[in-house]
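Using the hints provided, position chain B relative to the given structure of chain A.
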Amino acid sequence: MKRRVALVIGAGSVKCAAALGLWRALERHGIELDMVVGCSGGSLYAAVMALGYDVDTCERLTRDLWTKEVTKERNTRGILAAIFPRLLGFDGRFGMVHDRAMGKALAGPFGGRTFAEATIPLHIVATDLETGQRVVLSEGSVFDAVRASVAIPYVWRPWEVNGRWLMDGCMSDPLPVDVAMQEGADVILAMGFESPFPRRVKSATRYAFQVNSIYTNNLLRANFAFHNLAHHTEIITVLPEFDRQIGLFSTDQIPYVIEQGERATEEQIPYLKRLLEGAPA
Amino acid sequence: MDVTVEQVGSAAVVRISGSVDGLTADALQTALQAQIDGGGARLVGDLSGVEYTSSAGLRALLATLKLARQKGGDLRLAAVRPAVLRVLELSGFTTILKLYPDVDAAVASFGS
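If you're matching them up, the sequences are chains A and B in order. Heads up, the first sequence is in our numbering, so the first residue is 1 and it goes up one at a time. Heads up, the second sequence is in our numbering, so the first residue is 282 and it goes up one at a time.
In case anyone wonders, no lab produced these hints; they're calculated from the structure. By construction, the Cβ of each residue, glycine as well, lies at the ideal position given by its N, Cα and C atoms. It is possible that part of the hints are untrue.
Partial list, computed: chain B residues near chain A (C-beta under 7 Å) [what the hints assert, rightly or not]: (1) 335; (2) 339; (3) 340; (4) 367; (5) 373; (6) 375.
Same shape as in the complex, but just chain A (with noise of 0.2 Å):
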């Protein structure tokens, strides 16, 4: 019986550039996936694969997206509306950083876009603002979908999706190897990154970014020692090296993030290779 496959790419900002360098690999060995599952960062390449969009394009749209501009200008009245709630009417939604760039940099890729376009079926994970349960995104509106996902707490607005009001999927589940179970891959390539902290933290953003990468590094290591004993078959990590520091806006760094991606999966090629022939897992 054939093995399903599935890429499971988990949060890790910029890093997460490093799926495309597992795709470039896994396209040279004739290696197809049955499902994409993606998180946070990851949705955004998740997204892209199972769009069908090419490496060198998801390489410029890393590029044009992953910008400080995307971070630059302040939700005046969300920030003013927490400091003073009764005065400006605080609705329970709250980000830092106003909308408008994030949305136009994945109006781009994503705008108009279903997931009944996906050529490889595609899983979306976020959280719920009310319920903090895991939401999985598998049909509709990939752009509310990769929105929702990448909605990182403080930072940025929840997304209302389907009248819920979605969060960062790392809030929940930041490398859902548990979607791929779920669907019934049997062979998961999970690439999962623990969030970097910010070189220095100078700004209530930055302090965002640390307190969020503190408490979704420890809930990555406990969920993923539970998927890791409770997958019937294989979950191979594909964790890529890196020897220099990558930040959370290092885009200059994505052609080494892509190379390091490739270089990591190829080490695990032979054995994927040996799996999917027939070997027992």
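Just chain B now, with coordinates in the frame of chain A:
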């Protein structure tokens, strides 16, 4: 993957080389379990020759760890390579397993 066992002091040093993955984990677990069943529940896993571990390898390590502790012993790891250490850290295993820089230190940790 190759597995050899050598008694050093009060511990059995299990030297493992190659990849511990879905194709080899069962053999490793069988070898480790046989060692424990034979009365040697104090195990030191020498991982200096292990290049990679997947989820199947982690499951084999955990099963061995639980069995060894049930029998009053332990599984302690020595000389874990960076690539394997990263998987152990990411999966939380470093919080439940004891790791040592080399085999001598791991053996010594059991006392006499």
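Hint-by-hint comparison with the structure:
no.	hint	result
1	335	holds (5 Å)
2	339	holds (5 Å)
3	340	holds (6 Å)
4	367	holds (5 Å)
5	373	holds (4 Å)
6	375	violated (9 Å)
The structure is inconsistent with hint 6 alone, although it conforms to all the rest.
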